[in-house]
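Peer 1: Required output: the full structure, derived from the provided sequences and hints.
Protein chains in written order, with my numbering: chain A, 20 to 345; chain B, 2 to 329.
Don't take every hint at face value.
[Claimed, not checked] Computed spacing ranges between beta-carbons, pair by pair: (1) A:Arg138 <-> B:Leu52: 48 to 54 Å; (2) A:Glu342 <-> B:Val177: 30 to 36 Å; (3) A:Gly164 <-> B:Leu321: 36 to 42 Å; (4) B:Tyr99 <-> A:Gly54: 47 to 53 Å.
[To be verified] Computed list of lysine to any residue pairs in SDA-like fashion (alpha-carbon distance at most 20 Å, straight line): (5) A:Lys285 <-> B:Pro132; (6) B:Lys249 <-> B:Ala105; (7) A:Lys285 <-> B:Met134; (8) A:Lys285 <-> B:Arg130.
These aren't lab readings, by the way, just hints derived from the structure by calculation.
Keep in mind the model is a prediction, meaning the values are calculated, not measured.
The beta carbon of each residue, even a glycine, is placed where N, CA and C say it ideally should be.
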Amino acid sequence: MKDWRYWLAEQRGTLLAFGIFIVMFAIYTSNHPAGFTANVVQTASNKGVLLAFVAMAQTLVVITAGIDLSIGMIFLLTNCLASWLVVGTPMQTTLGVIAVLAVGLLCGAINGAIVIYGRLQPIVATIATGAVYYGIGLLLRPFPGGSVNEDLADALTSRVFGVVPASLVVLLAVVLVIWVPFSRSVLGRAAYAAGSSETAAYMSGVPIRRGKFAAYTLAGLLAAIGGLFLTFFTYTGEAAYASGNAYTLFSIAAVVLGGVSLFGGKGSAIGAIFGALAFRTIGDLLFVFDFDPLWQPLFQGVILLVAVSLGAFALFRVRNRLEWFL
Amino acid sequence: MSETTLGGIAGRMPRFIRRADPAVLTAFACIVLLLFLGSLYSRSFLSPEYLLQQLKVASFLGVIATGMMLVILLGQIDLSVPWSVAAGAMMACAAAAYGPVGVALAIPFGILCGMLIGVVNGIGVAYLRIPSMIITLATNAVAQGLMVVYTGGFSPQDSATGAMRYLATGFGIPGVPNAVIIWALIGAAMVFVLTRTSFGRTVYGIGNRERAAYLSGIDTRRVVMIAFAVSGGLSAFGGVLLAGYASKAAQSMGDAYLLPSIAAVVLGGTSILGGRGSYLGTVAGVILITLLQSILSVMQMPEAGRQIIYGVVIVAMLLLYGRAPASR
Numbered sequence: 020m021k022d023w024r025y026w027l028a029e030q031r032g033t034l035l036a037f038g039i040f041i042v043m044f045a046i047y048t049s050n051h052p053a054g055f056t057a058n059v060v061q062t063a064s065n066k067g068v069l070l071a072f073v074a075m076a077q078t079l080v081v082i083t084a085g086i087d088l089s090i091g092m093i094f095l096l097t098n099c100l101a102s103w104l105v106v107g108t109p110m111q112t113t114l115g116v117i118a119v120l121a122v123g124l125l126c127g128a129i130n131g132a133i134v135i136y137g138r139l140q141p142i143v144a145t146i147a148t149g150a151v152y153y154g155i156g157l158l159l160r161p162f163p164g165g166s167v168n169e170d171l172a173d174a175l176t177s178r179v180f181g182v183v184p185a186s187l188v189v190l191l192a193v194v195l196v197i198w199v200p201f202s203r204s205v206l207g208r209a210a211y212a213a214g215s216s217e218t219a220a221y222m223s224g225v226p227i228r229r230g231k232f233a234a235y236t237l238a239g240l241l242a243a244i245g246g247l248f249l250t251f252f253t254y255t256g257e258a259a260y261a262s263g264n265a266y267t268l269f270s271i272a273a274v275v276l277g278g279v280s281l282f283g284g285k286g287s288a289i290g291a292i293f294g295a296l297a298f299r300t301i302g303d304l305l306f307v308f309d310f311d312p313l314w315q316p317l318f319q320g321v322i323l324l325v326a327v328s329l330g331a332f333a334l335f336r337v338r339n340r341l342e343w344f345l
Numbered sequence: 002m003s004e005t006t007l008g009g010i011a012g013r014m015p016r017f018i019r020r021a022d023p024a025v026l027t028a029f030a031c032i033v034l035l036l037f038l039g040s041l042y043s044r045s046f047l048s049p050e051y052l053l054q055q056l057k058v059a060s061f062l063g064v065i066a067t068g069m070m071l072v073i074l075l076g077q078i079d080l081s082v083p084w085s086v087a088a089g090a091m092m093a094c095a096a097a098a099y100g101p102v103g104v105a106l107a108i109p110f111g112i113l114c115g116m117l118i119g120v121v122n123g124i125g126v127a128y129l130r131i132p133s134m135i136i137t138l139a140t141n142a143v144a145q146g147l148m149v150v151y152t153g154g155f156s157p158q159d160s161a162t163g164a165m166r167y168l169a170t171g172f173g174i175p176g177v178p179n180a181v182i183i184w185a186l187i188g189a190a191m192v193f194v195l196t197r198t199s200f201g202r203t204v205y206g207i208g209n210r211e212r213a214a215y216l217s218g219i220d221t222r223r224v225v226m227i228a229f230a231v232s233g234g235l236s237a238f239g240g241v242l243l244a245g246y247a248s249k250a251a252q253s254m255g256d257a258y259l260l261p262s263i264a265a266v267v268l269g270g271t272s273i274l275g276g277r278g279s280y281l282g283t284v285a286g287v288i289l290i291t292l293l294q295s296i297l298s299v300m301q302m303p304e305a306g307r308q309i310i311y312g313v314v315i316v317a318m319l320l321l322y323g324r325a326p327a328s329r
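Peer 2: Structural data, given as structure tokens:
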């Protein structure tokens with residue numbers, strides 16, 4: 020087999036997600052009353068980028084065969100924190116942004132420490148830490164409110180050179196600064212290896228604990244970037260339980276759509292980004308076709324159900340029935 | 002944890018304590034500790050009325066946690082609890098609008114709706130081999146969507162039927178709330194199923210190693226599907242009771258039951274990986290969680306503080322005795 024075939028096999032999920040996104044976005048823009056204009060793209064990207072960051076965060080953890088059910092709550096917490104800190108002079112704003120990112124990093128590190136060094140199951144541990152993060156968020160913002168440095172917010176949610184949405188540029192920068200170096204580093208390889216087969220990775224002398232810890236920690240950071248962006252879009256902080264839960268749920272949906280295996284060891288954050296953008300576009304299709312917004316939760320739920328059921332097609336390739344049971 | 006010291010202490014204790022799971026013992030010890038702390042804060046904390054009231058509130062969680070435990074014993078998880086609870090409650094209330102027949106069938110209809118959600122979960126997990134965490138999240142979202150469409154975004158006008166209110170708040174036997182009796186009956190049935198039937202043994206077997214159970218000639222997929230259906234039905238029944246307790250159904254009524262039901266089962270010593278755990282532990286976990294919530298609300302802790310303490314306590318207790326064995 021040639022090299023490019025291996026590459027293709029590895030990137031199949033990502034390419035599929037990219038394809039779904041392109042098709043969905045084409046349907047969306049062609050039926051949008053305004054058509055394919057910079058404005059429509061900007062609005063769509065601003066909405067999609069939020070989920071894309073959270074989905075990237077979820078990908079990092081899912082690659083290690085874990086799951087982070089507190090990711091939506093870290094997103095909320097950093098949103099509430101940003102509505103306090105990211106204000107004032109440029110200097111204060113910068114410090115505020117750094118503080119918010121540091122808190123996200125810390126939340127992720129706490130998750131990682133509890134799961135890896137505390138040896139608790141990720142599902143239960145992150146549900147519990149999620150309650151804590153939500154509580155802190157509620158403490159910071161019992162009622163929706165706060166403000167944000169509007170110059171920075173407007174700069175990051177407008178367009179660069181009048182064409183490219185700034186939020187997409189930031190997303191690209193985050194991919195280049197965080198995801199690409201991580202996935203190519205020893206730690207990133209260790210995270211993949213730990214998700215693929217922890218025992219084999221350990222036998223090969225891969226630093227699995229550090230790799231997993233780095234994945235959880237960076238997931239917190241990415242969720243915090245998402246939380247910052249939410250603040251830039253809404254100018255406020257709000258600790259809404261339902262919204263945090265929805266982001267956790269949608270991040271899993273985006274990860275599945277993006278071709279990341281929930282059993283770990285397979286997939287990439289790029290795929291999850293396209294999964295997130297596709298998921299958002301599908302949700303918005305309803306508005307283009309003038310459906311009652313009441314149907315949106317059901318529509319998104321059905322898409323989620325269908326998306327996760329698609330994985331069942333792998334069953335047809337099973338030759339030995341014992342492979343049903345992991 | 003060193004087995005020798007534990008064994009040494011346990012050796013001097015009566016037989017029934019020696020045989021008990023250390024996790025269950027820890028959970029009961031924590032209950033005693035909480036009661037002690039509560040009594041320091043307020044004298045009325047140890048009064049029979051207050052304790053009975055706590056038991057009544059605990060029984061709603063107890064019914065839901067029973068289904069959750071069955072699923073966790075399989076090594077799976079049911080994250081569709083919030084909207085199974087809400088769907089059960091809302092559908093039961095909705096059925097009551099259709100004349101006397103509707104009123105009579107309200108409770109079974111609510112439970113049936115929950116079981117349907119459970120069956121979808123079960124088909125996904127058992128036959129399509131989708132990870133339970135994912136498929137149950139998805140069915141949860143679908144159930145939410147259906148309920149939102151059904152109610153048009155508002156809570157339904159229909160209120161709970163008399164029978165639902167009687168089950169949740171009445172006193173069939175003087176002094177003992179009906180809800181507690183229902184929990185006791187469901188608990189007894191669960192203990193019987195888990196310890197005295199082949200279905201129960203199969204559940205433990207699948208939780209330990211589904212492959213081995215399958216090779217022993219068990220139709221493991223059917224057992225998994227039934228377990229999920231039962232879990233959905235019990236969640237819905239919990240929702241029916243809650244609707245009776247509050248006299249009406251609301252959309253977000255189930256949200257507050259997902260984390261507590263998982264926490265109650267896990268704090269009771271049931272392994273989240275499946276195959277190990279006793280119903281007594283789940284009872285302890287349910288009472289423990291209810292007491293913790295009650296103490297926090299008696300202290301008039303705001304919601305934020307409650308969530309924080311709640312999460313911290315669960316993580317702390319799990320670190321105490323819920324850890325996976327060190328690999329290697």
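Peer 1: Against each hint, give a clear statement of whether it holds in the structure.
Peer 2: Against the structure, the hints:
Arg138 (chain A) and Leu52 (chain B) have their C-beta atoms about 36 Å apart, which leaves the hinted 48 to 54 Å range violated. In this structure, Glu342 (chain A) and Val177 (chain B) break the distance hint of 30 to 36 Å, their C-beta atoms being roughly 51 Å apart. As the Cβ distance of Gly164 (chain A) to Leu321 (chain B) is approximately 39 Å, the hint placing it in 36 to 42 Å holds. A beta carbon spacing of about 48 Å between Tyr99 (chain B) and Gly54 (chain A) agrees with the range 47 to 53 Å that was offered as a hint.
Simply put, Lys285 (chain A) and Pro132 (chain B) have alpha-carbon atoms about 15 Å apart, close enough for the 20 Å limit, and the pair holds. For the proposed pair Lys249 (chain B) and Ala105 (chain B), the alpha carbon gap of about 17 Å is at most 20 Å, so the pair holds. Among the hinted pairs, Lys285 (chain A) with Met134 (chain B) is consistent with the structure: their alpha-carbon atoms are about 18 Å apart, no more than 20 Å. Among the hinted pairs, Lys285 (chain A) with Arg130 (chain B) is consistent with the structure: their alpha-carbon atoms are about 18 Å apart, no more than 20 Å.
Going down the numbered hints, you'll see the structure goes against 1 and 2, while the others check out.
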